[in-house]
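Peer 1: Spelled out from the first residue to the last, the chains are:
4 protein chains.
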Amino acid sequence: MSLFSGLLGSLFDRTSSWISSQKQTEGDITALCERLLSTTGEASGQSLAHDILDKYATLSDDEKKAFFLYLRHNLDLDISASIAALSSYKASPDSKTYSAVHAAIEPRRLVLFTRLNAEDGATERLVEMRADILAHLSEMPELGPVAFDLQQLFISWFNRGFLVLRPISWQSPAHILEKIIAYEAVHSIDSWDALRLRLAPADRRCFAFFHPAMPDEPLIFVEVALTDHIPHSIQEILADDRPVLNDDAFTTATFYSISNCQKGLAGISFGNSLIKTVVRELSADMSAIKQFVTLSPIPRLAKWVASEGIDADGLADAEIAPALTAHYLCHAKRADGQPADPVARFHLNNGALIHAVHQHADTAPLAQKQSFGMMVNYLYQVPDIAQNHEKYAHGTVVAAAAIHSLAKKYNATD
Amino acid sequence: MSLFSGLLGSLFDRTSSWISSQKQTEGDITALCERLLSTTGEASGQSLAHDILDKYATLSDDEKKAFFLYLRHNLDLDISASIAALSSYKASPDSKTYSAVHAAIEPRRLVLFTRLNAEDGATERLVEMRADILAHLSEMPELGPVAFDLQQLFISWFNRGFLVLRPISWQSPAHILEKIIAYEAVHSIDSWDALRLRLAPADRRCFAFFHPAMPDEPLIFVEVALTDHIPHSIQEILADDRPVLNDDAFTTATFYSISNCQKGLAGISFGNSLIKTVVRELSADMSAIKQFVTLSPIPRLAKWVASEGIDADGLADAEIAPALTAHYLCHAKRADGQPADPVARFHLNNGALIHAVHQHADTAPLAQKQSFGMMVNYLYQVPDIAQNHEKYAHGTVVAAAAIHSLAKKYNATD
Amino acid sequence: MSLFSGLLGSLFDRTSSWISSQKQTEGDITALCERLLSTTGEASGQSLAHDILDKYATLSDDEKKAFFLYLRHNLDLDISASIAALSSYKASPDSKTYSAVHAAIEPRRLVLFTRLNAEDGATERLVEMRADILAHLSEMPELGPVAFDLQQLFISWFNRGFLVLRPISWQSPAHILEKIIAYEAVHSIDSWDALRLRLAPADRRCFAFFHPAMPDEPLIFVEVALTDHIPHSIQEILADDRPVLNDDAFTTATFYSISNCQKGLAGISFGNSLIKTVVRELSADMSAIKQFVTLSPIPRLAKWVASEGIDADGLADAEIAPALTAHYLCHAKRADGQPADPVARFHLNNGALIHAVHQHADTAPLAQKQSFGMMVNYLYQVPDIAQNHEKYAHGTVVAAAAIHSLAKKYNATD
Amino acid sequence: MSLFSGLLGSLFDRTSSWISSQKQTEGDITALCERLLSTTGEASGQSLAHDILDKYATLSDDEKKAFFLYLRHNLDLDISASIAALSSYKASPDSKTYSAVHAAIEPRRLVLFTRLNAEDGATERLVEMRADILAHLSEMPELGPVAFDLQQLFISWFNRGFLVLRPISWQSPAHILEKIIAYEAVHSIDSWDALRLRLAPADRRCFAFFHPAMPDEPLIFVEVALTDHIPHSIQEILADDRPVLNDDAFTTATFYSISNCQKGLAGISFGNSLIKTVVRELSADMSAIKQFVTLSPIPRLAKWVASEGIDADGLADAEIAPALTAHYLCHAKRADGQPADPVARFHLNNGALIHAVHQHADTAPLAQKQSFGMMVNYLYQVPDIAQNHEKYAHGTVVAAAAIHSLAKKYNATD
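First to last, the protein sequences are chains G, L, H and Z. Residues 144 to 557, numbered by the working numbering, are exactly what the first sequence covers, in order. Residues 144 to 557, numbered by the working numbering, are exactly what the second sequence covers, in order. Residues 144 to 557, numbered by the working numbering, are exactly what the third sequence covers, in order. Residues 144 to 557, numbered by the working numbering, are exactly what the fourth sequence covers, in order.
One or more of the hints may lead you astray.
Claimed, not checked - Straight-line alpha carbon distances no greater than 20 Å define the calculated SDA-like cross-link-like pairs of lysine to any residue that follow:
| hint | chain 1 | residue 1 | chain 2 | residue 2 |
| --- | --- | --- | --- | --- |
| 1 | Z | Lys239 | H | Lys534 |
| 2 | G | Lys208 | G | Asp237 |
| 3 | Z | Lys512 | Z | Lys551 |
| 4 | Z | Lys207 | Z | Leu253 |
| 5 | Z | Lys433 | Z | Pro526 |
| 6 | H | Lys239 | Z | Glu451 |
| 7 | G | Lys239 | L | Gly287 |
| 8 | L | Lys534 | G | Lys239 |
| 9 | H | Lys322 | H | Arg347 |
| 10 | H | Lys419 | Z | Gly264 |
| 11 | Z | Lys534 | H | Arg347 |
| 12 | L | Lys208 | G | Asp237 |
| 13 | Z | Lys406 | Z | His330 |
| 14 | G | Lys239 | L | Thr395 |
| 15 | H | Lys322 | G | Trp335 |
| 16 | Z | Lys446 | Z | Lys406 |
| 17 | Z | Lys233 | H | His216 |
| 18 | Z | Lys476 | Z | Glu451 |
| 19 | L | Lys239 | G | Leu286 |
| 20 | Z | Lys239 | H | His216 |
| 21 | Z | Lys208 | H | Asp237 |
| 22 | H | Lys322 | G | Leu286 |
| 23 | G | Lys208 | L | Pro236 |
| 24 | Z | Lys233 | Z | Ala243 |
| 25 | G | Lys239 | L | Arg178 |
| 26 | G | Lys239 | L | Gln294 |
| 27 | L | Lys233 | G | Asp237 |
| 28 | H | Lys534 | Z | Ser376 |
| 29 | L | Lys322 | Z | Lys406 |
| 30 | G | Lys534 | L | Ala278 |
| 31 | L | Lys322 | Z | Leu253 |
| 32 | G | Lys512 | G | Lys534 |
Hints are computed from structural coordinates only; laboratory data are not their basis.
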């Protein structure tokens, strides 16, 4: 990473000092934005972009809201002009009328965002700006189109073809590793020693996606345990005193934690690509690894149990719990017909299948509360992934026969 | 570069082999495109994208034309749906109606291009596809909107913030250097020995912009000579037997050749950024360098002379040539009021000024033919760049007093 | 570092697996050594070397002692053969007799050590072997020649020309940083947070020497504080709430901690080179830095005070303490006439001078006990370094006039 | 490579400028050497070392000879002191007497060479110095001990454990590639296009050993052709129009050219290690490659034919040539009983066996002259390498049964 950031960063490090000598501090942020939108030159534009992002960083919460409303209303697309341009294009479809459509329909805030992305570090700050907008969205739903425009921009910028997969290890730079500690969202990492236990042992792997314009910020990462069987509990995976296997004994790679890192990139999906790329990577490096599986939480199980009016008391230890869990994963649905469980939706949509459920699989308080300690393995079988995805897209929850039987057992006892 | 390409390339190198095992060869290219547009899964999408780009590479010229027409007509934006969506948005401006506008107005070919950019190497192939389209444009002007959409996509992807400046030297990888030889567009490089003379000596620099998704392809590069004065001729710069100066004697950096490398990126401007970034880079590294200047060709001088009915005979050696050249640069205009000379337009728009003109400055046959051997120095004075650009944007050709005097001399003799 | 280790390590990583397939485990370690000494082929030699180093790692303490005695007595140089070879060389000095001297005089253990150094990682294990020998040396002084031979070998291998200076920062790999924590010998680092405070702030630097054959092991490192004045206490340097200066305000680089990392390299001096190289490095990077100074402990002050029969009670706060310290540094000598203080000997021999002494400069218990909390600045003035060293080599303790005056004050009150 | 050299070089690049400010130009080179030998400080030592190497580079041939004689006679070991030290050690074998032996026996020139190796680039210059000495050795055999001492030093410095294997490809830096062109010693490379044909195709590999202290200078390199059979001629290997195979079709790696690069490192053997390391490397990367073989010249065949009084006329096309060649390789011996052919000695000693001989295998004039166009495959069978080497060490020429039969055929016709 230091290398990567070096490559991309070194030649641009001087940007700030060069630009700051031309600092244009007059005017509030909207005035600066208007100037940036009206400027034609790159030199003054880059300087203005720098000033605007600096100014944004100092805004109070209220000032930010005002700025967002400015983006929403003052820099919206011009509906009448758009309709007029479309009509012209219809009448006479050529390059000129076509580009006029583009010019009319593009909201000025999109032009602004693109011009703001003029120097090293700007992308990261725009991602943070979207995180700020999203944080205000429930309170100010009218900001939806602004968040949407940034999302479209990021979908383009953070295109799969531009992402870089990088292994994260105990050899990685500390300033990246401290972010792994901070961003771990599933099984929290309490200390550098705990991190070392996740990264340094020979049976652990970790991979992250990075984007060249944000070389010091992981976008998403996955933690992997290599084993000789499909694991049944997170305790088993995280046990310090687990036996050490030889490299050639590894047959199974378990994805036991996947964390998105950037709130501002919500709605831009990296998880599916990450899993596929890591499967490919590990397959190529360690040919003995034949099984790719997750050990996943079931975050909505307890909520569903409550909504169904099922007695949750003692469920963690109840004999029926696995069958109930299988039933929930296979049959509990949202209003739109998709599975109730968000983690299930994610892996099923990726083309995995439900392979097994495990009781007492996570003894941490949160897991007890959310899912009575139950966990589930989703299995990624490379030859079936595309087909499984298609089935899921057509409404079928793909699961092992044993899971379907188990689910039926619940109905039987029901 | 090998390093860089390594970083970005290594983990993706296996893409092809993985994907090829799932190859879906049935169907012609438009059928494949329709399938890619209708697929929902990333795995099958990536495989389809790969197949489509492979298939494209094998198309005959006529098949390509047919494919371009398909992109133009079958995958165009839906005008009626767009107008309807805009009306809905106008009536009820919220997130839903807003994203519906986006969905309606986005031509399906843009979705296709984005999905095609799914794996390492795809960006480069899309750039080549646009080069193919541009090559057919005069013959098939209706393809304008297709070229325009790709241009918009590339403007987003090749955003200044994503470009990487890399020094090119005799230590650079051979597979990059052979491209420098191939792409040099101003003063051609005939052999590896000639290349060595451009890169290895202590008074030579070369810089290129790269994009992380095309690590082996320079986008644009500039060749720089370090001297203790502003040079008067290209012969002087390229002379093998020039005196060797100490590093601290360099006061002047002369940009004597700027070459765009990718035909498919025509219309996406990198030159201005490249010059500014290199100026910053050299300023930071070599504090004694105070003058940044070009030694530029004047490609339309002879055409203008002809169009004016001026007798070109003996002009290369005529005493009046410098005055005539100054006059041409300052006063010859296109229909739109901008300077007639394209190189002048480029540097003046960047914020440079016309500093000096030189006779017998390029003895090569092409230069003799285009400009009677005349060349010109454009001067980049860092503190004045933004202001010069603004002046130019308002119609003023900025030039040294001596150039204005010289231009007047021509009028006087006229 | 990960990069560096990658470069040097990657291609050799497979060594072990290849070799282990040919493992030759029969025989105890001395039998294996005899076989290695008698083998002629590189392939079997490399395998044997691997086995010997593996076996060594499993030896008990007593077995190690026995092995050391074998090295000492069985693999010593052949005195008679050496004298005979020297006589032949004297009689007929040519290539043949000369190389015969070399063959005779070289103890077989040196041949063994060289052959053991056959694969990646071997150098590090030989350095550890010498650390083991040194740990037994006071108990088994007869091992002196074995330790001496390894020292000679290491002086050749760890030649200044082969050392690599690398900045250590918060961007450095965690597996290197944990060694910085472990090896810090002057002002201990208690946690990763404490380490971050030493590395991440803009006014901190750290540099280490590495050797290409031990890319994951620092040999020595120095921690540097950048300030706008010469610091008076370690509390001042390590204060979390110190004011943040601009980069161009730094005028002074203070070396406040230098730690040797490898016990097995005792007697091979890196400190002098490290300081000189870092001075050069910082001078080149930050031209405003003009003063290079240490803030050093005075580890033998209390012992000297005791040996002189001076009353140490209340000395930490006594007005006379600075004068006494100046006197000690300038005039207290060992039996061989060199300064009594080892840190003084080191810096004076490097060409520094005694610049200032400070009371209450280190409030840590160890410093209170060793030196009543007194510390000293040694000043490295680049133009005077060579001359200062020469003066010191001829018996003069070089110190600022103020220090000499202060020392005199002590005598006066004495 | 640029990376590597960057790592090792970057921080030392400023050495020269720092040191040159302290330049001590007075005195001839021997006076400077005496000063370096008598100095105690590193700072002045480094500066002196620099001056001495600079001065050496300017010496005329006669001055060099005088300098070499100074090294030979003035800086030789002290025989009487050595004998005295050995006697003391015999009488009282302890650390002190032991180190005294070392001090006495070490010629002062060895101390000088070690001190000269004080800065970046010095190692390379010492290697060149030995090349100069070797060039004068036949004329001045008394310089043997000087060359010997440098050889011993280089054997230590260029220890196998310190060498770095690096792939050489068309992605390698041009300044390294031009050295491959220059150093190719077997089948010469005429142009950059020819080089490209050796490096860029998918069925070509090249590897070199480097030393960290000489990052821009390959020590030895090998060119490898990947094929699906053992090749019969160099024309076949170098044919531009050869069929392109898929990666998984490669079963055989043929080492068709091995070149030592540094004359000053003559007598320090890298070839055996290089072949073994490349075999390991290719085995790990391309598991389908099972055969490792050379296509080697037979440089002394024609000389032997002449010495045997055999009629060489028409031998290139004669039916008997293969049998004669097999006989020569198996039975023609030097005075010391080893094979007459130097290339055979090299590969047999490495543990290879003679696999096949080929007629019309090299149509180049030199090969026609040296060996009537005959070439030979030596086969490296990994499991047998150690054993083959041992057999060879005990006097057996290991060859395939077919070669022995062929050799007998020659005797039969003889």
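Peer 1: For this structure, which hints from the list above don't hold up?
Peer 2: Of the numbered hints, 1, 2, 3, 6, 8, 11, 14, 16, 22, 25, 27, 28, 29, 30, 31 and 32 do not hold.
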